[in-house]
Amino acid sequence: MASNVLIPDVDTLAYILFMVLAVGIISLLISRKFNISYVPLFVFFGILAGPVLSLINRELAHELFSYIRVFGLVMILFTEGHTLSWRMLKKNIRTIGMLDTIGLLITAFIAGFAFSVLFHTPFIVGFLFGAIISATDPATLIPLFRQYKVREDIETVIVTESIFNDPLGIVLTSVAIALLLPQAPTATVLESIAEYISLYPAAVVFFLYELAASIGIGIALGVFGYYFIKKTGIRGFPEIEVFALMIAFGGFLAGEYVKASGYLVATVTGIVLGNHKVFFRDNPKTVRRIMRAIEKEVHFNESLATLATIFIFALLGASLDLEIITSNLLCGVILAFIVILVARPIAVLSILPWWKPKEYLFIALEGPRGVVPSALASLPLTLGLIYHDQQMIQWGEIILSATVITVLVSVIVETLWVPILREKLLEVESIRKIMKTGYKPKSS
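Start counting the sequence shown at 6; every next residue gets the next number (our numbering).
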């Protein structure tokens, strides 16, 4: 497999960097001019520069995307962790827990059933698609909510859901692959646990392990980071941004090494640092000094996160194979809207006891799919080729095209209607609350 990796020369790499940044600048200018989300513009102009005009080599863009998505997601999640309010997380823990367990499973089953009906496959193949597409996308949501401010509690729920459901989506995918191809390496961990208990309890144990290990490592690194900053401060160690990058990527590596979620580790580390006033009861002078240091590194990381967003979605667009998309376009688009308008709203019904109908509807209509499904989309086809399974190759090609179409449709639709949904479903409620109580909800 390694021999197939394209290694660009310096000039080619510089050219791709230039093209991606140009795509980013054009998209941002259009976004500012017409007040629309820039995320789908990154994808659109990436497609234009890649498969349409061939200004960017599609195979090379795909190789670079596989690396950039890791770097970018770590930066985006680590930075966003700083801004997530511990108070809001505790307040909405029931909602987040329901969305990341029952809600995600319902999404996977409904999407899987729709896939099996539309593409005439066994349900377990549909469930594999549903598992791949089940996780929502923080890389789309975080820049989206920075551009269009929404209430802090709504943002916290949707963003935190998307961060925590990545591990479960990966576990679900491993379960489906274990049922279809037990010899696949992605199923080995589950298979080893399942030797002592059956497969489905093994999946639950594996997910709980991922969650506990990731949170534990993240907390440990957050505590280490806090005391390092407390000991050195800005004056003692002015390059605090370098240290922040080290613990962000060190946390990711540690999480992956123990077969947990490196992305979740980076997020939890950011949460601990961003909420240091809650977790560490230091004197006011020390708190102010640490706050200045953390604000400095967050400002730097936000710039990196913006660059990461540009590269993730521009390269995603540039790496797409239009033939795969067009071959299953109609059924793929129908499937995408079933995921957006049927599966997601039904899956989110469990939160209604704690939210008003309009708030529920906003949460239900904001669950775009993105980087994680895109990264997993080619896995079934790859496994089919490795094990020379013609049936798996055929299913894998359909899953790949359906996933890509669902990601594109959900990213475009669910980002473009955010300002409309915000105005119709959230803004009136916020204005009324301000008029009655004088309290203005905090925006991130």
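By construction, these hints were calculated from the structure, which means they are not laboratory data. Careful, some of the hints might be misleading.
25 Å max Cα-Cα, derived DMTMM-like pairs, lysine to aspartate or glutamate [as the list claims (entries may be wrong)]:
#1 LYS95 x ASP287
#2 LYS361 x ASP158
#3 LYS301 x ASP287
#4 LYS282 x GLU307
#5 LYS429 x GLU364
#6 LYS363 x GLU157
#7 LYS429 x ASP158
#8 LYS361 x GLU428
#9 LYS361 x GLU157
#10 LYS95 x GLU364
#11 LYS236 x GLU300
#12 LYS301 x GLU157
#13 LYS95 x GLU157
#14 LYS264 x GLU200
#15 LYS96 x GLU364
#16 LYS235 x ASP287
#17 LYS264 x ASP158
#18 LYS154 x ASP287
#19 LYS290 x GLU244
#20 LYS235 x GLU300
#21 LYS429 x GLU196
#22 LYS38 x GLU428
#23 LYS290 x GLU246
#24 LYS235 x GLU246
#25 LYS363 x GLU307
#26 LYS235 x GLU328
Label pairs and their in silico Cβ distance ranges [as the list claims (entries may be wrong)]:
#27 TYR201 x SER332: 40 to 50 Å
#28 VAL247 x TYR205: 39 to 49 Å
#29 ASP14 x LEU327: 25 to 35 Å
#30 PRO13 x THR106: 24 to 34 Å
#31 PRO362 x LEU258: 42 to 52 Å
#32 PRO424 x LEU390: 39 to 49 Å
#33 GLU328 x ILE30: 25 to 35 Å
#34 MET296 x GLY221: 19 to 29 Å
#35 ILE129 x GLU328: 40 to 50 Å
#36 ARG99 x ASP287: 25 to 35 Å
The model shown is predicted, which means the values in this text are computed figures rather than measured ones. Ideal Cβ positions, reconstructed from N, Cα and C, are used throughout, including at glycine.
Hint-by-hint comparison with the structure:
| no. | hint | result |
| --- | --- | --- |
| 1 | LYS95 x ASP287 | 22 Å, holds |
| 2 | LYS361 x ASP158 | 13 Å, holds |
| 3 | LYS301 x ASP287 | 20 Å, holds |
| 4 | LYS282 x GLU307 | 21 Å, holds |
| 5 | LYS429 x GLU364 | 10 Å, holds |
| 6 | LYS363 x GLU157 | 16 Å, holds |
| 7 | LYS429 x ASP158 | 17 Å, holds |
| 8 | LYS361 x GLU428 | 15 Å, holds |
| 9 | LYS361 x GLU157 | 16 Å, holds |
| 10 | LYS95 x GLU364 | 18 Å, holds |
| 11 | LYS236 x GLU300 | 17 Å, holds |
| 12 | LYS301 x GLU157 | 23 Å, holds |
| 13 | LYS95 x GLU157 | 13 Å, holds |
| 14 | LYS264 x GLU200 | 18 Å, holds |
| 15 | LYS96 x GLU364 | 16 Å, holds |
| 16 | LYS235 x ASP287 | 10 Å, holds |
| 17 | LYS264 x ASP158 | 31 Å, violated |
| 18 | LYS154 x ASP287 | 32 Å, violated |
| 19 | LYS290 x GLU244 | 21 Å, holds |
| 20 | LYS235 x GLU300 | 14 Å, holds |
| 21 | LYS429 x GLU196 | 48 Å, violated |
| 22 | LYS38 x GLU428 | 20 Å, holds |
| 23 | LYS290 x GLU246 | 21 Å, holds |
| 24 | LYS235 x GLU246 | 14 Å, holds |
| 25 | LYS363 x GLU307 | 31 Å, violated |
| 26 | LYS235 x GLU328 | 55 Å, violated |
| 27 | TYR201 x SER332: 40 to 50 Å | 43 Å, holds |
| 28 | VAL247 x TYR205: 39 to 49 Å | 45 Å, holds |
| 29 | ASP14 x LEU327: 25 to 35 Å | 27 Å, holds |
| 30 | PRO13 x THR106: 24 to 34 Å | 42 Å, violated |
| 31 | PRO362 x LEU258: 42 to 52 Å | 44 Å, holds |
| 32 | PRO424 x LEU390: 39 to 49 Å | 43 Å, holds |
| 33 | GLU328 x ILE30: 25 to 35 Å | 29 Å, holds |
| 34 | MET296 x GLY221: 19 to 29 Å | 26 Å, holds |
| 35 | ILE129 x GLU328: 40 to 50 Å | 27 Å, violated |
| 36 | ARG99 x ASP287: 25 to 35 Å | 31 Å, holds |
When held up to the earlier numbered hints, the structure conflicts with 17, 18, 21, 25, 26, 30 and 35 and fits the remainder.
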